[in-house]
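Undergrad: Same order as they appear, the protein sequences are chains U and P. Each residue of the first sequence is one higher than the one before, counting from 1 in the working numbering. Each residue of the second sequence is one higher than the one before, counting from 258 in the working numbering.
Derived from the structure by calculation, the hints contain no laboratory data. We put the CB at the ideal spot given by N, CA and C, even for glycine. Among the clues, some could well be false.
In silico DSSO-like cross-links for lysine-lysine, where the CA-CA straight-line distance does not exceed 30 Å [claimed, not checked]:
1. P/Lys446 - P/Lys393
2. P/Lys382 - U/Lys33
3. P/Lys366 - U/Lys129
4. P/Lys313 - U/Lys33
5. P/Lys334 - P/Lys366
6. P/Lys395 - P/Lys446
7. U/Lys129 - P/Lys334
8. U/Lys91 - P/Lys386
9. P/Lys446 - P/Lys386
10. P/Lys334 - U/Lys125
11. P/Lys379 - U/Lys77
12. P/Lys290 - U/Lys56
13. P/Lys290 - P/Lys366
14. P/Lys386 - U/Lys109
Cβ pair distances, simulated, as ranges [said to hold, decoys possible]:
15. P/Lys379 - U/Val256: 22 to 32 Å
16. P/Gln424 - U/Asp152: 42 to 52 Å
17. P/Gly427 - U/Val256: 22 to 32 Å
18. P/Gly427 - U/Ser45: 50 to 60 Å
19. U/Leu116 - P/Gly427: 50 to 60 Å
20. P/Gly447 - U/Leu116: 52 to 62 Å
Protein chains: 2
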Amino acid sequence: MTNQTEDRRPLSRQIADELRNEIESGQHASGAKLPSQRQLAERFSAARNTVDEALKILAQEGLVVAEHGRGVFVRVKQPLIRLGSDRYSPKHRETGLSPFLIECARQGKVGRFEVLNIERIKPNKELAKQLHVSEKAKSVLRRENVFYADADPVYRVTTWIPWRIAQGTGLLQEEVPHQYGIHGVFEEKGHVMTRINDEITARMPTPEEVRYLNLSPGIPVIEVMHTSLDQDGEPYEVTRFVMRSDMNGLSYNVPVE
Amino acid sequence: MTNQTEDRRPLSRQIADELRNEIESGQHASGAKLPSQRQLAERFSAARNTVDEALKILAQEGLVVAEHGRGVFVRVKQPLIRLGSDRYSPKHRETGLSPFLIECARQGKVGRFEVLNIERIKPNKELAKQLHVSEKAKSVLRRENVFYADADPVYRVTTWIPWRIAQGTGLLQEEVPHQYGIHGVFEEKGHVMTRINDEITARMPTPEEVRYLNLSPGIPVIEVMHTSLDQDGEPYEVTRFVMRSDMNGLSYNVPVE
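Given only the sequences and the hints, what does the whole structure look like? Please build it.
TA: The following block contains the structure:
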């Protein structure tokens, strides 16, 4: 910490900045335990309180994780890159796996999902307009899931399907009745995915999302509102992914049209 | 707050949950001032401290903003949707504007950028590999900017261009010497953007980004690593966008290939 006498940042902030630099330069490796509060207090000639504040700043940025009674650790980054534009490509069909299982397999992980809720619902105005269904009837099937990679919850997924398409397909049951997952079912009903429309935002999680996704402080979520369009340009499915940003990224390699 | 006797959430959390519901249901509109701490303390039969904690929870989620001496306000959402896959489309050429200026115009705003730094640099290993240039020479031009919509900083942008392309184009100067911006310059050098590759992640901002983007607490950034590919599939430009998530979203409407 050069120029300490001229430095106007609060001491806790100076310590946080210094430790952040050390983490980013690799002096403290991913997953490593930081020196104890006592050791840091000594090193920076600071009160334990001040060191504690500095560590809280880093926790809020998502750089470190405090484990009760064990110490403070550099957060392990485990990006599970979602295929993005490539996700639904027919070229993956030979694997015999659904998109999520392919993504997991690429990371050497085992994917699975847990159904939270399956229900036939009245859509809200926006969804009704998007899927060309009635607002006044239970015209949409909603499936809510949490997807896991090994033991980690990765994203919370809600899918809305017009009832005229879902009807009679078995999608009201927990087990998706197709090897390629839900998109195999749509193809059998005559809807081949020809374009996708993904709207992407990021925000801090709600308390419910913190619980479902087991999120540490300082980890935002990426929200993707995905719409599948068929060979006639008709939208036939909307899915919202709420993704842990510490385990997910998106990738779009696409033509400029 | 039903079942208060059975509710095990700390009171501050219960108050935060209640206020969040009210904000999300529109009872407190975007930009509205919340009731004072005194009023909230009375309503929830809670200590001022507890109300203060509840408001801090909401501020960390990015839902409210405390303005010193004025009170606590529901954060105004102003999404400036980036065109995403559509951003670089030739069909926008007739507007005579660069992509960022089109995005701003769509929102009724005036766009401009401020140059932080322009420098000829030695690239790091990864960038050298990506742009097919030498690691050992100053083979890359780096431009660092902040983009503004009206008075608001919107994103921090770093662009890396092989020196063999940038050389002699005027890109070493602050003013971009082309009506369509930097991409007009590339086209004149024979590189027509044919595909883009965007890698998207989200995270909490660094202190430097908080300063440049004037970020409130609880607002993550979206980071886009964009690569432009020309008619021969060659990458000729890499740009990193660090976007305020409270003013930006991404949109990809793309074919499934």
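Undergrad: Confirm or reject each hint.
TA: Tested hints:
For the given pair, P/Lys446 sits about 24 Å from P/Lys393 by alpha-carbon distance, which is consistent with the 30 Å threshold. Restraint check for P/Lys382 and U/Lys33: the C-alpha separation of about 29 Å stays at or below 30 Å, so the hint holds. Between P/Lys366 and U/Lys129 the CA atoms are separated by roughly 29 Å; this keeps the pair inside 30 Å, and the hint holds. For the proposed pair P/Lys313 and U/Lys33, the alpha carbon gap of about 29 Å is at most 30 Å, so the pair holds.
A hinted pair counts as satisfied when its Cα atoms are at most 30 Å apart, and P/Lys334 with P/Lys366 qualifies at roughly 15 Å. A threshold of 30 Å between alpha carbons decides the hint, and for P/Lys395 with P/Lys446 the separation of about 20 Å falls inside it, so the pair holds. At roughly 23 Å between alpha-carbon atoms, U/Lys129 and P/Lys334 fall within 30 Å of each other, so this suggested pair holds. Simply put, U/Lys91 and P/Lys386 have alpha-carbon atoms about 27 Å apart, close enough for the 30 Å limit, and the pair holds.
The straight-line distance between the Cα atoms of P/Lys446 and P/Lys386 is roughly 21 Å, inside the 30 Å bound, and the hint therefore holds. Distance restraint check for P/Lys334 and U/Lys125: the Cα-Cα separation of roughly 21 Å lies within the 30 Å cut-off, and the hinted pair is therefore satisfied. Under the criterion of a C-alpha separation no larger than 30 Å, the hint pairing P/Lys379 with U/Lys77 is consistent with the structure, at around 28 Å. Straight-line distance between C-alpha atoms of P/Lys290 and U/Lys56 comes to about 29 Å, which keeps the hinted pair within the 30 Å bound.
Our distance criterion of 30 Å between C-alpha atoms is met by P/Lys290 and P/Lys366, whose separation comes to about 25 Å. Between the alpha carbons of P/Lys386 and U/Lys109 the distance comes to roughly 29 Å, so the proposed pair stays at or under 30 Å and holds. The hinted range of 22 to 32 Å is satisfied by P/Lys379 and U/Val256, whose Cβ atoms lie roughly 30 Å apart. Checking the proposed 42 to 52 Å range against P/Gln424 and U/Asp152 shows it holds: the Cβ atoms sit about 48 Å from each other.
A beta carbon spacing of about 24 Å between P/Gly427 and U/Val256 agrees with the range 22 to 32 Å that was offered as a hint. One distance hint, 50 to 60 Å for the beta-carbon pair P/Gly427 and U/Ser45, holds here, with the actual separation near 52 Å. For U/Leu116 and P/Gly427, the hinted distance range of 50 to 60 Å is satisfied, since their beta carbons lie about 57 Å from each other. As the Cβ distance of P/Gly447 to U/Leu116 is approximately 53 Å, the hint placing it in 52 to 62 Å holds.
Consistency with the previously given hints is maintained throughout, with no hint failing.
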